[in-house]
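Undergrad: Add chain L to chain V, keeping to what the hints say.
There are 2 protein chains.
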Amino acid sequence: MSVKNDHTYMALALEEARSAEIRDEVPIGAIIVDPATGDIIARASNRTIEHSDPTAHAEILAIREACAQTNSQRIPNYDLYVTLEPCTMCAGAISFARINRLIYAAPDPKGGAIDNGAKFFDQPTCHHKMEIVAGIEAETASTMLKNYFKKKRS
Amino acid sequence: MSVKNDHTYMALALEEARSAEIRDEVPIGAIIVDPATGDIIARASNRTIEHSDPTAHAEILAIREACAQTNSQRIPNYDLYVTLEPCTMCAGAISFARINRLIYAAPDPKGGAIDNGAKFFDQPTCHHKMEIVAGIEAETASTMLKNYFKKKRS
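So the sequence lines, in the order shown, correspond to chains V and L.
Note that this note's numbering has the first sequence beginning at 3, numbered continuously upward.
Note that this note's numbering has the second sequence beginning at 3, numbered continuously upward.
With the rest of the complex left out, here is chain V (with noise of 0.2 Å):
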């Protein structure tokens, strides 16, 4: 069990997100927390444009942050909560990276890949997988993408 409940860390994340958008980038965010602690280690928002990279994904640079402070590439002892549903890529780093639990917003039917198109947790070449929720504060993640693009089209 977390110290705080998953709901207040996922508040955080989309905090994150929130700062995303403002920088114009798909809004995003990710936190990593120590559960026994309930200390955040890392926090972090797509910054794909910003860096030119598109593997700048909030989960990956969350992780990338996490694993130099701790200076290991495994953090088995600590949780990620993201605000939209892990895309292949992630889904892979998360797992190369042994979160212990993932918890994760609103689905994303056209590009995630736990609930969705790869389900890489499901293939045998998955070789970690870890506890996962879906759906906490899903509709505040869901409108705000849903939010940003319907600009972006505009």
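Just so you know, the hints here were simulated from the structure itself, not pulled from any lab data.
A couple of the hints might just be wrong.
No copy is singled out in the list; a pair is fine if it fits within one copy or between any two copies.
List of simulated lysine-lysine pairs, DSS-like, C-alpha gap at most 27 Å [claimed, not checked]:
| no. | residue 1 | residue 2 |
| --- | --- | --- |
| 1 | K131 | K121 |
| 2 | K154 | K112 |
| 3 | K112 | K131 |
| 4 | K112 | K148 |
| 5 | K152 | K6 |
Computed from a prediction, not measured in an experiment: that's the story for all the values here.
TA: Showing chain L alone in chain V's frame:
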């Protein structure tokens, strides 16, 4: 058509893989080439241990380098050569980067995501597919990896 042939470029990717082996990293190398000119704009090999970064696969590092050089998160005029079938994470990154052509050496039944596992490019959640050539210098790449893991186990 490439200015040089696929075997020539894969030989350079194999050189990168060898450099990883010397640094005691998993020997996988990648090269990104402009097929119009034959120029190599990025070369990389695995650095997950050195960087304490589970995302520091050869393909990801090469894509990040090529994108930084072109100031773009998309590099649709470039071909990527890699010595092992890309994993799920790297397949996602290759698709996001809009790579023109993917050429890989050895198949990876345990972790690959092109012709194995998630078969990401066949998923409806994959929004950019490219020409894929498999098996170029496969024997050399495969032997290098087998020897590396054999030595690790001994």
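Undergrad: If the cut is 27 Å between Cα atoms, do K131 and K121 qualify within a copy, between copies, both or neither?
TA: Result: close both inside a copy and across copies, 11 Å intra and 18 Å inter.
Undergrad: From the Cα coordinates, with 27 Å as the cut-off, is the pair K154 and K112 best called within, between, both, or neither?
TA: within (18 Å within a copy, 40 Å between copies)
Undergrad: Within a copy, between copies, both or neither: which one fits K112 and K148 at a CA-CA cutoff of 27 Å?
TA: Within one copy only: 13 Å inside, 37 Å across.
Undergrad: At most 27 Å between alpha carbons: which applies to K152 and K6, within, between, both or neither?
TA: neither (34 Å within a copy, 45 Å between copies)
Undergrad: Checking an output row: K112 and K131, CA cutoff 27 Å. Within, between, both or neither?
TA: The answer is both: 22 Å in one copy and 15 Å across copies each meet 27 Å.
Of the numbered hints stated above, the single one contradicted by the structure is hint 5.
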